[in-house]
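Whenever a hint applies, use it, and build me the whole structure from the sequences.
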Amino acid sequence: MADPVLHLEGLRKRYGSADTEYEVLHGIDLRLERGEFAALIGPSGSGKSTLLNLIGLLDRPSAGRLVIDGAETATLDDTALTRLRGERIGFVFQHHHLIPAFTAEENVAMPLLIARGRPDAAMFERAGELLGRVGLADRRRQLANRLSGGQQQRVAIARALAMSPALVLADEPTGNLDTHSADEVFALLREVNRQLGTSFLIVTHDPRLAHRCDRIIELVDGRIVSDRANEVAAGRSPVQGSAEETE
Amino acid sequence: MKSWMPFEWIAALRFLQEGRMQSLLIIVGVGVGVAVIVFMSALLSGLQANLVRRTLSSQAHIVLLPAEEVARPQVAGEGALNRVQKQAQRLRSIDQWQQLRARLEGWPEIAAVSPVASGPAFAVRGDASKAVTLLGIDPGRYNRVVDLAGRLAAGELRVGAGETVIGIELAKDLGAEVGDKLRLTGAEGQAETLTVTGLFDLGNKGVNARNVYVGLRTGQTLLDLVGGVSNIDLALHDLDEAEDVAQRIAAESGLIADSWIRTNAQFVTALTSQRVSSDVIRFFIALSVSFGIASVLVVSVVQRSKEIGILRAMGATQAQMRRIFLLQGGIVGFLGSLLGSALAWSFLMLWRMLARNPDGTPLFDIGVEPALVAIAAGGASVVGILAALLPARRAAGLDPVVAIRG
Ligand SMILES: Nc1ncnc2c1ncn2[C@@H]1O[C@H](COP(=O)(O)OP(=O)(O)OP(=O)(O)O)[C@@H](O)[C@H]1O
Ligand SMILES: [Mg+2]
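Chains A and B, in that order, give the protein sequences.
Reminder that position 79 of the first sequence reads as 79 in the UniProt record's numbering, one-by-one numbering, no gaps.
Reminder that position 204 of the second sequence reads as 204 in the UniProt record's numbering, one-by-one numbering, no gaps.
Treat the hints as calculated values from the structure; they're not laboratory data.
Mixed in with the good hints, there may be bad ones.
As the list claims (entries may be wrong) - Some residues of chain B that are not near chain A, with every Cβ distance over 10 Å (derived): (1) L25; (2) L44; (3) Q48; (4) R90; (5) A153; (6) K172; (7) G175; (8) G189; (9) G206; (10) T272; (11) D359.
Unchecked claim - Covered by chain A, according to a simulated footprint, are these stretches of chain B (three or more residues, beta-carbon under 8 Å): (12) 4-16; (13) 315-322; (14) 394-405.
As the structure is a prediction and not an experimental result, all values here were calculated from the model.
Backbone N, C-alpha and C define an ideal beta-carbon position, used for all residues, glycine too.
Quick look at the structure:
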């Protein structure tokens, strides 16, 4: 069987120095297979963002094993982690972090530009294609900060897909959007998952959205307290009706 | 996006472009600093070149004297003449000076070689009598060491048999004009009556009052130095080499070789200390410019921490982040230096218009040399990059988690 996209074993994260040290994540075990579309839920302060940052290689665990797409991460230095992150992981943040000095197209092409070092026609072609996929083909040349919140988030999704990552991590991707835009964005994530087979791990506070995922992982006080398949969502026909239908 | 530009350049330029006001202000700041440095340098080198030129207008770069001459002059300013006045004993000739002349003419550093028979004499006209320095010269050669022909106030430079050229001060003292006769008497009593063919003004009152030029042969006769020369005057291609060349000639020929640098030691020291103090000022300007760049970039790192975090999340390495900020420093320095050079150029134009002699001619000649602009541009870029070291380190070391959450 192929490597899982994500494999965690006894992952721990401690903050603070020696005497004031406290643990936020107390040994997380988790496996995410290719093409899975999973929600990570839990009360505020339970450690969801902390976990996502560890998985995204933005931060290092205090203990435990973290394997991304078959690559052991414990022995890698910062540059190697950065490379791995750039190639295998896409991010969608709550506050649609685009770079305002660049256009929509340039933002989408940015991971490719960083990886290859110099711009080329192919990367802008790809950026245009991805913007078409998220329904923003006509906004290619617009500066990022001139777009609406929902549009910015869709650009961010297109950007997360630029390198064809194995895993997309989304930390409250719809948290800043109104219900309608949130539904649209969520539907888009679902569509990408179905069409490209990209795995998703989505942190959300919105139970409505969580229930549209195939799997729901619940974190409380730094421990996974439940991890269950969501039959309703998983059994549904692809593409059609992620946004409109409710469970 | 320009396709040839690497990612770091694109990001650096975009960041500068986006922080328009900030970038503009710091570039102007750098520009003013560079302008002051370039202006000062141009002014100083113009001023010094002018002073040196004036000082050397009546002096050889190097004077060769016979070795055993006892009374060595220590006098600045008037070179040849004081030297010969001081010696009481009979003039000595340089041995085999023709061969030496031929040899020195082969040196690449040496521009001109002029043997001179010079010594004390008296000039008499009517009741007036003056102690003078008699210089027997070959005008073709001498002119290439001291531009006598170019400094004539009246008449022409003709020193054939029975002819002499004197300074305007001496002419005044003796009441002589071109065409008048005067009588010259050497230390050993030889005397000759000569016709004044020209009056010179070498820009130095002492020289104008004392130097009396005659033909080499006349000089040799009057100074009882038949066939000999008392000294050989040299002009070099590069003034600054004078001391070095003088020492080499002295070592090779056994003669005494006095460079203008040695005979004008105080003057040269003054020039040097002027240059040192201006170096110090320039250094501190560069330092304050670099602090300015550094502080702007430090603020920019803080302002852009979120974007830095995003770029890091998308795979930008620490080294790439560092380069983006180093480049911003370099670009600010470079653009500032271009602005500064333009400013300096306008300052100089203005200065040239305002600083004039009473007769309307420029006080002295200065200009912005392309080399100076190139050095300023290179220097400012390097200073910018150095100033960006600390901000770039901070940008690279930024924790992406913190940056993104912020
Ligand atoms: N850099 C840090 N230093 C110290 N403590 C931290 C740090 N980051 C997070 N924490 C702590 O870790 C705990 C988990 O935080 P985390 O942000 O992961 O929660 P969360 O589940 O994402 O919450 P929310 O739903 O509000 O976003 C919190 O108690 C928080 O104070
Ligand atoms: Mg969170």
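Subject >> Enumerated hints in conflict with the structure, sorted upward >> reply: As far as the earlier hints go, not one is violated by this structure.
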